Amino acid sequence: QQQVKQSPQSLIVQKGGISIINCAYENTAFDYFPWYQQFPGKGPALLIAIRPDVSEKKEGRFTISFNKSAKQFSLHIMDSQPGDSATYFCAVIRRALTFGSGTRLQVQP
Amino acid sequence: EAQVTQNPRYLITVTGKKLTVTCSQNMNHEYMSWYRQDPGLGLRQIYYSMNVEVTDKGDVPEGYKVSRKEKRNFPLILESPSPNQTSLYFCATALGSYNEQFFGPGTRLTVL
Chain A
1 QQQVKQSPQS LIVQKGGISI INCAYENTAF DYFPWYQQFP GKGPALLIAI RPDVSEKKEG
61 RFTISFNKSA KQFSLHIMDS QPGDSATYFC AVIRRALTFG SGTRLQVQP
Chain B
1 EAQVTQNPRY LITVTGKKLT VTCSQNMNHE YMSWYRQDPG LGLRQIYYSM NVEVTDKGDV
61 PEGYKVSRKE KRNFPLILES PSPNQTSLYF CATALGSYNE QFFGPGTRLT VL
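Listed in order, the protein sequences are those of chains A and B.
Per the working numbering, the very first residue in the first sequence carries number 1; after that it's consecutive.
Per the working numbering, the very first residue in the second sequence carries number 1; after that it's consecutive.
Hints listed in this document are in silico derivations from the structure and should not be mistaken for laboratory results.
Computed from a predicted structure; not experimentally measured.
Incorrect hints may have been included.
Said to hold, decoys possible - Stretches of chain A that chain B covers, calculated by requiring three or more beta carbons in the stretch to come under 8 angstroms of a beta carbon on chain B:
no., segment
1, 74-80
2, 96-106
Unchecked claim - Partner residues are not named here, just some residues of chain B that face chain A (Cβ under 8 angstroms, in silico):
no., residue
3, Gly40
4, Leu41
5, Gly42
6, Leu43
7, Gln45
8, Tyr48
9, Gly58
10, Pro61
11, Glu62
12, Tyr64
13, Phe90
14, Ser97
15, Glu100
16, Gln101
17, Pro105
18, Gly106
By construction, the Cβ of each residue, glycine as well, lies at the ideal position given by its N, Cα and C atoms.
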């Protein structure tokens, strides 16, 4: 069963725009929600993460918004840059890490 | 330099020929894990290990074995590979299951 549903599959944004990626989860027992960024030919790397007792976390241009009642969380990339072009994965953790299916982001100059 | 190494990086093999993909880390991490990445499916966890001699199944363990006899190494074993195991494999390590996971460079496996 798919525990984390991620959308959209792909996203094209103009430079300077806002990129928004959404994830929904089913199991309320998850207690840590990271986002990973993956560039072609590389392994994923942690971008930002949030715990469920916080509704928002911001690090630079990257913000996670978390809605516990709706069981949804999203990644916002402000002022998107061509260097942000990568695949982004949301994930949930309870002992094991379960990833969403990924979003390929392309930021056009 | 802190790193996670995987070997081999690329492997083409035939159905049924046993193989091992090695993973080694020098960060003294307790937690290690294996994932496979397939287009449209993201990364799916195969097995993980919370500590030496402790391993647990992830979401897709069928057809794979692991062992954790020492902290730094966590090999992935395919006893009888099949074409549906053709994939990109990543090893990852972390201080603990809730800590940031550091991923290796990946192993691209093709089973003919």
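Okay, the hints, checked on the actual structure:
Counting residues of the segment 74-80 of chain A whose beta carbon lies closer than 8 angstroms to any beta carbon of chain B gives 0, which falls below the threshold of three, so the coverage claim is violated. Closer than 8 angstroms: that is the beta-carbon criterion, and the segment 96-106 of chain A has 7 residues meeting it against chain B, so the requirement of 3 holds. Annotation: interface hint on Gly40 of chain B holds; nearest CB of chain A at approximately 6 angstroms, less than 8 angstroms. A cut of 8 angstroms between beta carbons decides the hint on Leu41 of chain B: the least distance to chain A is about 6 angstroms, and the hint holds.
Interface hint at Gly42 of chain B: satisfied, since its Cβ lies 4 angstroms from the closest Cβ of chain A, which is below the 8 angstroms cut-off. Interface restraint check: Leu43 of chain B against chain A, minimum CB-CB distance 4 angstroms, threshold 8 angstroms, status holds. For the restraint placing Gln45 of chain B at the interface with chain A, the shortest Cβ-Cβ distance is roughly 6 angstroms, inside the 8 angstroms limit, so the hint holds. With a least beta-carbon distance of about 6 angstroms to chain A, the hint placing Tyr48 of chain B at the interface is held under the 8 angstroms criterion.
Look at Gly58 of chain B: its Cβ gets to within about 6 angstroms of chain A, closer than 8 angstroms, so that hint holds up. The restraint placing Pro61 of chain B at the interface with chain A is violated, with a minimum CB-CB distance near 11 angstroms, outside the 8 angstroms limit. Among the interface hints, the one on Glu62 of chain B is violated; its C-beta lies about 16 angstroms from the nearest C-beta in chain A, farther than the 8 angstroms criterion. Given hint, Tyr64 of chain B at the interface with chain A, is violated; its Cβ is 15 angstroms from that chain's nearest Cβ, farther than 8 angstroms.
With its C-beta approaching chain A no nearer than about 5 angstroms, Phe90 of chain B sits inside the 8 angstroms limit, and its interface hint holds. Among the interface hints, the one on Ser97 of chain B holds; its C-beta lies about 5 angstroms from the nearest C-beta in chain A, closer than the 8 angstroms criterion. The beta carbon of Glu100 of chain B is positioned within 8 angstroms of a beta carbon in chain A (closest approach about 4 angstroms), and the interface hint is therefore held. Annotation: Gln101 of chain B was flagged as interfacial toward chain A, and the flag holds, the nearest CB pair being 6 angstroms apart, inside 8 angstroms.
Below 8 angstroms, beta-carbon pairs count as interface contacts, and Pro105 of chain B has one with chain A at about 6 angstroms; its hint therefore holds. Here the hint on Gly106 of chain B is kept, as its CB sits about 6 angstroms from the closest CB of chain A, short of 8 angstroms.
Hints 1, 10, 11 and 12, counting from the list given before, are not met by this structure.
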